[in-house]
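*Asks:* Chains Y and W, in that order, give the protein sequences.
Residue 95 in our numbering sits at position 95 of the first sequence, with consecutive numbering throughout.
Just add 313 to wherever you are in the second sequence, counting from 1, and you've got our numbering.
Treat the hints with care, since some could be wrong.
Stated by the list, open to error - Just so you have them, the derived chain Y footprint on chain W, three or more residues with Cβ under 8 angstroms:
no.: 1; region: 484-492
no.: 2; region: 556-566
no.: 3; region: 593-600
I should point out that these hints are in silico values taken from the structure, not numbers from a laboratory.
Quick caveat, the model's predicted, so the values are computed rather than measured.
We put the beta carbon where it would ideally sit given N, CA and C, even for glycine.
There are 2 protein chains.
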Amino acid sequence: MTQPTHLLGVDIGGTNLRVALANANGDIAARVSATTTNVRDAENVVRKIVECAQQLLRDTQISPERVAAIGVGAPGLTNAETGVVIATSYLMGWRDVPLKAMLENHLGVPASVDNDVNLAALGESYFGVGRGFQDFVFIALGTGVGAGIILKGALFQGAAWTAGEIGYMLVPGVAEEPAALGKPGGLEGLVGGEGLRAQWLSQWSMEKTQQPRELTATQIFDAAVAGDALANVLLNRAAHALAYTISNITLILNAPLFVLGGSVGLHTALRERTQAVVDQYARRLRPKLVLSELGSDAQLMGAIRLAQIAPHN
Amino acid sequence: MTQPTHLLGVDIGGTNLRVALANANGDIAARVSATTTNVRDAENVVRKIVECAQQLLRDTQISPERVAAIGVGAPGLTNAETGVVIATSYLMGWRDVPLKAMLENHLGVPASVDNDVNLAALGESYFGVGRGFQDFVFIALGTGVGAGIILKGALFQGAAWTAGEIGYMLVPGVAEEPAALGKPGGLEGLVGGEGLRAQWLSQWSMEKTQQPRELTATQIFDAAVAGDALANVLLNRAAHALAYTISNITLILNAPLFVLGGSVGLHTALRERTQAVVDQYARRLRPKLVLSELGSDAQLMGAIRLAQIAPHN
Numbered sequence: 001m002t003q004p005t006h007l008l009g010v011d012i013g014g015t016n017l018r019v020a021l022a023n024a025n026g027d028i029a030a031r032v033s034a035t036t037t038n039v040r041d042a043e044n045v046v047r048k049i050v051e052c053a054q055q056l057l058r059d060t061q062i063s064p065e066r067v068a069a070i071g072v073g074a075p076g077l078t079n080a081e082t083g084v085v086i087a088t089s090y091l092m093g094w095r096d097v098p099l100k101a102m103l104e105n106h107l108g109v110p111a112s113v114d115n116d117v118n119l120a121a122l123g124e125s126y127f128g129v130g131r132g133f134q135d136f137v138f139i140a141l142g143t144g145v146g147a148g149i150i151l152k153g154a155l156f157q158g159a160a161w162t163a164g165e166i167g168y169m170l171v172p173g174v175a176e177e178p179a180a181l182g183k184p185g186g187l188e189g190l191v192g193g194e195g196l197r198a199q200w201l202s203q204w205s206m207e208k209t210q211q212p213r214e215l216t217a218t219q220i221f222d223a224a225v226a227g228d229a230l231a232n233v234l235l236n237r238a239a240h241a242l243a244y245t246i247s248n249i250t251l252i253l254n255a256p257l258f259v260l261g262g263s264v265g266l267h268t269a270l271r272e273r274t275q276a277v278v279d280q281y282a283r284r285l286r287p288k289l290v291l292s293e294l295g296s297d298a299q300l301m302g303a304i305r306l307a308q309i310a311p312h313n
Numbered sequence: 314m315t316q317p318t319h320l321l322g323v324d325i326g327g328t329n330l331r332v333a334l335a336n337a338n339g340d341i342a343a344r345v346s347a348t349t350t351n352v353r354d355a356e357n358v359v360r361k362i363v364e365c366a367q368q369l370l371r372d373t374q375i376s377p378e379r380v381a382a383i384g385v386g387a388p389g390l391t392n393a394e395t396g397v398v399i400a401t402s403y404l405m406g407w408r409d410v411p412l413k414a415m416l417e418n419h420l421g422v423p424a425s426v427d428n429d430v431n432l433a434a435l436g437e438s439y440f441g442v443g444r445g446f447q448d449f450v451f452i453a454l455g456t457g458v459g460a461g462i463i464l465k466g467a468l469f470q471g472a473a474w475t476a477g478e479i480g481y482m483l484v485p486g487v488a489e490e491p492a493a494l495g496k497p498g499g500l501e502g503l504v505g506g507e508g509l510r511a512q513w514l515s516q517w518s519m520e521k522t523q524q525p526r527e528l529t530a531t532q533i534f535d536a537a538v539a540g541d542a543l544a545n546v547l548l549n550r551a552a553h554a555l556a557y558t559i560s561n562i563t564l565i566l567n568a569p570l571f572v573l574g575g576s577v578g579l580h581t582a583l584r585e586r587t588q589a590v591v592d593q594y595a596r597r598l599r600p601k602l603v604l605s606e607l608g609s610d611a612q613l614m615g616a617i618r619l620a621q622i623a624p625h626n
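In isolation and in its complexed conformation, chain Y is listed as follows (with noise of 0.2 angstroms):
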């Protein structure tokens, strides 16, 4: 019978799907990447990640017996112990697709499946910035805001899968009306891409800013770091509102070490704002953050992560 010795991680974004070879120490053989616009289905997703693992074992030439497990990432609350993705938030459109089950069904592998921010933060324990901590906090800021938990070393998902959902965290700043089911809360406002793109549309004129009037949220941060004053504006309440959400975290869960992710949360100048913001208001305990070590990789390196602890027989 052949051993197995490789393992296959997955990272399933809005419009991007990954797929990676490791070998058992989660050293990366071969990666491919596809779309997944117009690709939204679960069956046609299982099915794209099956062709691309097909490729890379292919490409290297390394028997499909070889691979003792399969660890995905999917973007939306999922049941870490069933494997059925409960909903996405966005682009797909999920409603209880049982990832693990389609997987292996058609990979014949054990499959482990988990939210793509919590397996940031596990990728991050192992492979990243977080080795060595029991306990800290991955803040994935992208179009949204998110939060992975490592609490005694392990992932804390939470009762109902849906522990470190920070973008409705209420701090002060953030508007005091309860935010509408399924629309973005109001800290995803304040520090979230897609927020900080609106806020910059709507308070944009030609007195203000010399900018052009479309801007991503780290041009903003650019052109804040640059001297424009709106864009200052911007930057500095998210920092601010980071920072608060941050101190209440660190107040619950005294987590020493805060990991920032994500095309927003690894802009420089914001988590430069935001640790000056949180070294004065949780003077005692003083977290730390850092940005990722692993950066865009994250959640694949979690995904292969999940596939190495994952029970295989």
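Starting from the structure of chain Y, add chain W where the hints point.
*Replies:* Chain W alone, transformed into the frame defined by chain Y:
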């Protein structure tokens, strides 16, 4: 050799020391209390605990060898691993008191020590309204505000033992300036007993209310229920701040149950109004707010539980 059959539980409060002798199931056989006013020095407190324990054993005619272990709740930051009370925030002014070692020296039985609010959570998790819940949060609202957190069936105390120190939580309506070190947090000002008294005093005038100028938090809540307009403003503000706090904890931990305890927390009007606000904000997760079942015995029962689960050898 005599088989140990009994446990000692101790609740050290700012003004009162309570000691109970329980059987192996945690049923209290006898209890006694003593004042801690003017007995704040740690050596003196330990001496009082030993006296109380001896009295209980005499009264019940149970021989000292029958005591398997002692569990103790301390009113401050406590390293539950070493049993050192790192700091008590008020009244006693303890710093790095090796309470576990002192008790073991004096009593000759294994001692376990934890923060009193953590023990209240532990008490409710086994003997009270938290039974059957893997994850829940006990919120103690007395003079100040604190939380004890049960995750995956066990106490979660945090990397530096400060998890649950929610008195400084930043929610809408709380002053946005950082609280001075050692001063009450903004949330405490709105929902803690001392904060509510101070608010009442500063806002009181004969035109605004017919109630007396000096009222406790629970008397303010009673007045609100009886229709007093000023008291009603304070109760509503407290309910909102507490609801925002609970909503934030829910986003982070996805805890389905919050147990309210402490003299202020046990007021039914506060629970009802807070639940109503929580229902507006955390509509998807709808955590349930309930009153502590053990009431003023929560800490003591938690101390007995701590003795029960501590390794005895």
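*Asks:* State for each hint whether it applies.
*Replies:* A quick look at each hint next to the structure:
1. 484-492: Since 6 is at least three, the answer is holds.
2. 556-566: With 7 residues in contact (Cβ-Cβ under 8 angstroms with chain Y), the coverage given for the region 556-566 of chain W holds.
3. 593-600: holds (count 5)
When each numbered hint is compared with the structure, no violation occurs for any of them.
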